[in-house]
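Visitor: Each chain, letter by letter, is given below.
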Amino acid sequence: MEKNERFDERLKVLHDTIQHKHTSRIAHFSNFFTWKILDSDLKPKLSEALSDYGMLDRIQCEFQERYDFDVHYDPLGRNLLKPAALLGGNHHLVDDEQESINFFDHTLLQDDEYPAYKTDRWGTSWKMFLRKYPDLKQGLMAEAIAVNTENNAYLPYIKAKLAKEYGCPTCYNCLAQVPHERFHKYYRGIKAASLDLRRRKSELIDAYDAIMEDEVMPGVHKALATDTSECMVDLMVPLLAHTMMNMKQWETFYWPYLKQILDAALAANKTVMIYLENSLIRFKEYFQDYPKGFLVLVPELDDVAELREAVPNACIVGGITAQLLGRGTPEECVDRAKKVIDQMGDGFMLGQNKMMSFRNDCKRENLLAVCEYVQNFRW
Amino acid sequence: MAFFDMKEQVDGYIREIKTHPSDELDKVIDTDPQKGLQQMADLLTFLPEEQRKGAVVGFVMSMLCD
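Chains as they are written, first to last, in the working numbering: chain A, 1 to 379; chain B, 1 to 66.
One thing to keep in mind: the hints can contain errors.
Said to hold, decoys possible - List of simulated lysine-lysine pairs, DSSO-like, C-alpha gap at most 27 Å:
#, chain 1, residue 1, chain 2, residue 2
1, A, 118, A, 132
2, B, 18, A, 339
3, A, 222, B, 18
4, A, 118, B, 53
5, B, 27, A, 222
6, A, 43, B, 53
7, B, 7, A, 164
8, A, 185, A, 118
9, A, 284, A, 21
10, B, 35, A, 45
11, B, 35, A, 284
12, A, 127, B, 53
13, A, 222, A, 270
14, A, 82, B, 7
15, A, 127, A, 137
16, B, 35, A, 270
17, B, 53, A, 354
18, A, 118, A, 43
19, A, 82, B, 53
20, B, 18, A, 292
21, A, 164, A, 270
22, B, 35, A, 159
23, A, 248, A, 118
24, A, 137, B, 35
25, B, 7, A, 45
26, A, 43, B, 27
27, A, 127, B, 7
28, B, 27, A, 118
29, B, 35, A, 132
30, A, 191, A, 132
31, A, 82, B, 18
32, A, 137, B, 53
33, A, 43, B, 18
34, A, 259, A, 21
Unchecked claim - With the C-beta cut set under 8 Å, the calculated list includes, among others, these residues of chain B facing chain A:
#, residue
35, 3
36, 25
37, 26
38, 28
39, 40
40, 46
If you are wondering where the hints come from, they were derived from the structure by calculation, not from laboratory data. Glycine included, C-beta positions come from ideal geometry on N, C-alpha and C.
All chains should be modelled from the sequences, with the hints used to inform the complete structure.
Guide: This is the structure:
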């Protein structure tokens, strides 16, 4: 990979921080998503930017040139709106006036189809696809596949560009999820998947065991064999669906599968980022026995100091809230950055506490103030 | 600095797709997963043959998670 002269220094700071080594400066992690589009001096409509990868490229570069982050969780690469719009069915509503993207909870897998999904993944996926896009003509689907080649090409392109032009390492290359996540968000929806935890326990366990054995773990092992030495972390695991589970459900439907993934990564001497929605603290015991230098936690609701106490072996990313960045003053934001850096010490990267998506999540002047502070900070 | 631009390439892919007979393009996708997969792969002549089925599978799995 071609790299800007700052790449090696940024990567070393990121890696050393994960290993809880003392670093001369604090790494700055970007958890910014569509806010970047709203902040851009190009002033595009949300729908306009999201359907134009060239514009997203400009916006990402503008964002990096203005704020100079060390690493980006999202380089504006997560975007299937163009092919989805072509196919005619869309579970996203992009509202340019409200500057929002809403995702509608939906059910594609029918109540009794867990056994079919277990044994015939492709066949059931095909059925779900045709439910999502009924009466779809072959020519239109072929066009959508052609359009989707842009999406496939954009993510590796922008990652390489961030490394070459700005010295920003890729946050992660490989992702793994426990089986329940796909049902929670995409196949059954939040409501139906939550009911399934009570009503279809054995079918779920049966299906999840099979998915882990023939799909997730082979994928994880393949990912762990990839050279990810120039990424911030080796594997990323998003934790979303755990928010809807009680402890017993977590122990049955989530933790056994997450543990397999984590243990495989640990055995391969790799690092794992856990990107969290909501909170992790009630599950803290499950993560406390992993060694320092293995886990990176990117929390949403958990206060970073409380999370440090709960899981002291993990590198923590965060510390500045959207509430402060959006509604505070530059001075308040810098004071918070000072406080949290001093409080957290080694094994900490400054970042934001949520996927920064809405205009009110951040004021440019506040972010500039924090960036100036953290970029000049030295122990 | 150059910026991402695949318009010409994608337009070329779509032109290639439209060279297929209109009765094939206008046909509704087969509900049989293997037949449907093959029929769709056969339309993706803008890709090398060995990549076509994978492109259909990858697309379907991506769009289910959109």
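Visitor: Quick check: which numbered hints come out false for this structure?
Guide: 2, 3, 5, 6, 10, 11, 16, 17, 18, 20, 22, 26, 27, 28 and 33
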